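Dock chains B and C against chain A, hints included.
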Amino acid sequence: MEKKRYNWPATIMLMITTVFILFPLYITIVTAFKTREELSGNLLALPGTWTFDNFIQAIELTGFWGALANSLIITIPTVIVTVLVHSIVGYVIARNLHKKGIKLLYYYIVSAMFVPFSILMLPLVTQTSSWGIDNRYGMILLYLVLNLAFNTFIYVGFVKSIPVELEEAAVMDGASEWKIYWKVIFPLLMPINATVAILTTLGTWNDFMLPLVILGGRRQLATIPLTQYIFESQFSTNYTLAFASYLLAMLPMLIVYIVAQKWVISGVTRGALK
Amino acid sequence: MIKRNKVLLSSMMASGLILGACAGDSNGEGGSSDVVTLELFSNKSENVATYERLIEQFEEQHENIRIELEAPPEAETVLRTRLTRNDMPDIMSIGGNATYGELGREGVLYDFTNEEALNDIQPAYQDMLNRLVGTDIEGDYGVPYATNANGVIYNQGLFEEYGMEVPQTWDEFISLLDQAQEEGIAPIQFTLQEAWTALPAWNSLGGVLAPENFGEMKTNGEASFQEDYDEVADKYLELLEYGEGDIFGVGYDDGNENFANGEALFYMQGNWAIPEIERNNEEVELGFFAFPASNDESENNLVSGVDVLLTVSESTDHPEEALAFIEFMLDQEVATQYIEEQAAFSSIEGVLQEDPVFEDIQEKFETGSLTSFPDHFYPAGLGAENLIQEFLIQQNKDQFLQTMDNEWDSVINR
Amino acid sequence: MKRKNSKLAWYVLVPVMTVFFLFHTLPLLQGVFYSFTNFRGYGEWDFVGFRNYLNVFSDSRVRSAYVFTLGFSVLSTILVNIISILIAVGLNAKIKYHKTLRAIYFVPYMLGTLIIGYVFSFIFSRLLPQIGYSLDISWLQFNILGNPNLAWIGIVIVAVWQSAAFNTILYLSGLVTIDPDLYEAADIDGASPSTKFFKITLPLIMPFLTINMVVAMKNFLMVFDQIVALTGGGPGTSTESVSLLIYRGGFQGGEFAYQSANAVIFFIIIAVISLFQIRVLERRQD
Chain A
1 MEKKRYNWPA
11 TIMLMITTVF
21 ILFPLYITIV
31 TAFKTREELS
41 GNLLALPGTW
51 TFDNFIQAIE
61 LTGFWGALAN
71 SLIITIPTVI
81 VTVLVHSIVG
91 YVIARNLHKK
101 GIKLLYYYIV
111 SAMFVPFSIL
121 MLPLVTQTSS
131 WGIDNRYGMI
141 LLYLVLNLAF
151 NTFIYVGFVK
161 SIPVELEEAA
171 VMDGASEWKI
181 YWKVIFPLLM
191 PINATVAILT
201 TLGTWNDFML
211 PLVILGGRRQ
221 LATIPLTQYI
231 FESQFSTNYT
241 LAFASYLLAM
251 LPMLIVYIVA
261 QKWVISGVTR
271 GALK
Chain B
275 MIKRNKVLLS
285 SMMASGLILG
295 ACAGDSNGEG
305 GSSDVVTLEL
315 FSNKSENVAT
325 YERLIEQFEE
335 QHENIRIELE
345 APPEAETVLR
355 TRLTRNDMPD
365 IMSIGGNATY
375 GELGREGVLY
385 DFTNEEALND
395 IQPAYQDMLN
405 RLVGTDIEGD
415 YGVPYATNAN
425 GVIYNQGLFE
435 EYGMEVPQTW
445 DEFISLLDQA
455 QEEGIAPIQF
465 TLQEAWTALP
475 AWNSLGGVLA
485 PENFGEMKTN
495 GEASFQEDYD
505 EVADKYLELL
515 EYGEGDIFGV
525 GYDDGNENFA
535 NGEALFYMQG
545 NWAIPEIERN
555 NEEVELGFFA
565 FPASNDESEN
575 NLVSGVDVLL
585 TVSESTDHPE
595 EALAFIEFML
605 DQEVATQYIE
615 EQAAFSSIEG
625 VLQEDPVFED
635 IQEKFETGSL
645 TSFPDHFYPA
655 GLGAENLIQE
665 FLIQQNKDQF
675 LQTMDNEWDS
685 VINR
Chain C
689 MKRKNSKLAW
699 YVLVPVMTVF
709 FLFHTLPLLQ
719 GVFYSFTNFR
729 GYGEWDFVGF
739 RNYLNVFSDS
749 RVRSAYVFTL
759 GFSVLSTILV
769 NIISILIAVG
779 LNAKIKYHKT
789 LRAIYFVPYM
799 LGTLIIGYVF
809 SFIFSRLLPQ
819 IGYSLDISWL
829 QFNILGNPNL
839 AWIGIVIVAV
849 WQSAAFNTIL
859 YLSGLVTIDP
869 DLYEAADIDG
879 ASPSTKFFKI
889 TLPLIMPFLT
899 INMVVAMKNF
909 LMVFDQIVAL
919 TGGGPGTSTE
929 SVSLLIYRGG
939 FQGGEFAYQS
949 ANAVIFFIII
959 AVISLFQIRV
969 LERRQD
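From first to last, the protein sequence lines stand for chains A, B and C.
If you're matching positions, the first sequence starts at 1 in my numbering and goes up one per residue.
If you're matching positions, the second sequence starts at 275 in my numbering and goes up one per residue.
If you're matching positions, the third sequence starts at 689 in my numbering and goes up one per residue.
Don't take every hint at face value.
[Claimed, not checked] Chain B side only, calculated, beta carbon under 8 Å to chain A, not exhaustive:
#1 Arg356
#2 Thr358
#3 Asn360
What the hints contain is simulated information worked out from the structure, not anything from laboratory work.
Being a predicted model, the structure only gives us computed values, none of them experimental.
Cβ atoms here follow ideal geometry from the backbone N, Cα and C, with glycine treated the same way.
Next up, chain A with everything else stripped away, as it sits in the complex (with noise of 0.2 Å):
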């Protein structure tokens, strides 16, 4: 019964259509290795010797590090905050479930989802301004509550599967509510942790639309997309120190993907059976 013929005309399709993925990615990784001279030549082409000047310039002009540090600052705390309070409040509604006002309390935050964040924003500018918190650790705050409906609704989903008799054997042991949470629980979540985590991670990261409207045009405060839009206007035609800092844009995250590749895709992946 076993064969192992590998179907070679959906393997040769798929290797074709990588090129529309990998595309835009060569053009540019050539764009930012090559001089301006180059650019009036052939775009497609290899750049002649590669310059690590445009790198060297883009990183001094946008003060790569400084937003390096800020979309870290950023991102770090909000994901270990999300996957630690997220998972907590998905576990406390999901063995909760049963009563009346839990359950209510589950459809509110549930159908936060359905809100777009336009009609958030306004009031948010002002709110956040007026509080005193329009900067990082404001940013942090509300990435926390903009992701707890869609949170809550993976975690209860999972925790509803956990068999409650786990838990009850570990009160009769006398231990209390927190430690049952932290010591049974919490190590059962793990797998939906990490693709929490992920979702998080990249959610942050690269949003735009937040840090535009919270932080404004401060360089100062700026996450790494905020940046590229800052520079964007004083790039002009320079396209090729645009294209080093895009590319400086894209390095992080591509890091994190090639080392914890096949981490990241059965996280997301398992995300989706749920």
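Below, chains B and C without anything else, positioned relative to chain A:
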């Protein structure tokens, strides 16, 4: 009117304190207490490099003051956001347009009326600013700094090659365009992928052909686009025929590069484009003339406005330091450096732009044959540039003029 | 089975719900509240009743933003789902270099939309015209982003290019769960590949289709980054999306209250569309 939002705000503040305490602050200011850091907000990406050099000079002279320059894209939107969040930059370097007028009316800007800074400013430009704020409001909320000229940039090399002369009337201008076409060079460089680049020509035409106080009249129902901009629209469409290639697919930066490389004869832009063009090709020789919108030579005034005004936030924590920067900028030498690098004009008496590029318009300045930018008096929410860009693409004049009228009315009513 | 009242639930839910209320529900309520005023984002204001709503309904710029946004969303949703299913089916077949190929198709999801947009903007405005000139293909010589009738295509391309990655993975995870015996049984019956796809694959991944359609549609309705990077809403106002209009008008135009009314309407439309999709797609699943 009642200040109802105060109540709402204070209740928010109360709850905000709890959160604010744990949220901390990270506005990136901080630092040692002796050094004052001020934010300079500029709405022009073109003057970033110049400002950086000037800031360096200023900081050398004032060791206890640091200036941070912010020049974000869509700067007016950002500035409005800042106004909404009650977080105005300390020092602003912005254009003399409707947004400035609104800020002035809102009372968020410092009143310079009693400052010596204003003594050397040409009164005509100060009046222009005050007209934007509205004559019913007392005070001078900005210092006109750099002024501009909106017209036609031409390539002198090509001009000489074909024995052309600066046109004084519309017909002369058109015949040059025809000649260029016959010679096989693109008559006009358009960069209409970016909506705002539709404005310079629009302003050149409107500044001469439409009534000077159109904005006011329109709001009072005494004028309309359908009546007063008919000729403007017709002539603009005529010009469009002299663009070559993908006129709606080229952006400003690419257009500057093309023009620098001699790919077109005329470029309907303002003086601000000149350093950008020269940056692409140092060899290029440029000239500049006032747009001859009319066949009556005496009507062809130069469209000029306040390109950059300096102002200070009413609520800045460091008014003295901020004013020190303004004073620095108004220094004759600094002002001269600014206009030389920016190819701009100064609103300070005695600071003259001597770049030969502007030979042809010196006379206009000397005789005061100037008129202001029509669009600076359009309401901010109108989005005229997008509507004009759309008109140029679709070329449906009647519908366009009607839309302009309707949009204006509905923006006013909001 | 009796469980005592959970203290942990209180400790967790009270602070989280407070913050959620303050930063989600409160702004939402404020948005609704302001939509009945003439607030400009600063300064004094008054109630104006339903005037903003009436003005929004008669505003042609708002209307064209809705037409664009809806058209864009429907088309992109359909395209993304078709393309993703095809790629997923391909990746699920017995192919060589399975892992590498899967990894490549997922790359776009890792990248920020804004930056992708800038890269494509260069491709449309410089690269394709250059190719058009050198190969003498006239329709390629024009930058599609400069044409109000075609600029939306550029935005669709970028949106689909990026979103297909995530949706492919979702479909792939659905396909893996299908029992291979089903296909073998179909093979024995002599079913054609298309029969197998429509009779086995599609019904079994229907639940995924539901989620993907709803999620993709909602994300596309909010389209913002792509437009900022590619066209800024132009040429004219031909690619101005609702989110962009609310952002621009709300701040730059000083139409804070007016755009709040627009946002309320947008909220209602999104909610209705999402619920409608869920109902329809779930019914088809039965």
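Taking the hints in turn, this is what the structure says about them:
1. At about 6 Å, the closest approach between the beta carbon of Arg356(B) and any beta carbon in chain A falls short of 8 Å, and the interface hint on this residue holds.
2. Given the 8 Å rule on beta carbons, the hint for Thr358(B) holds: about 6 Å separates it from the nearest Cβ of chain A.
3. Proximity of Asn360(B) to chain A holds as hinted, the smallest CB-CB distance being about 6 Å (cut-off 8 Å).
Checked against the numbered hints listed earlier, the structure breaks none of them; every hint is satisfied.
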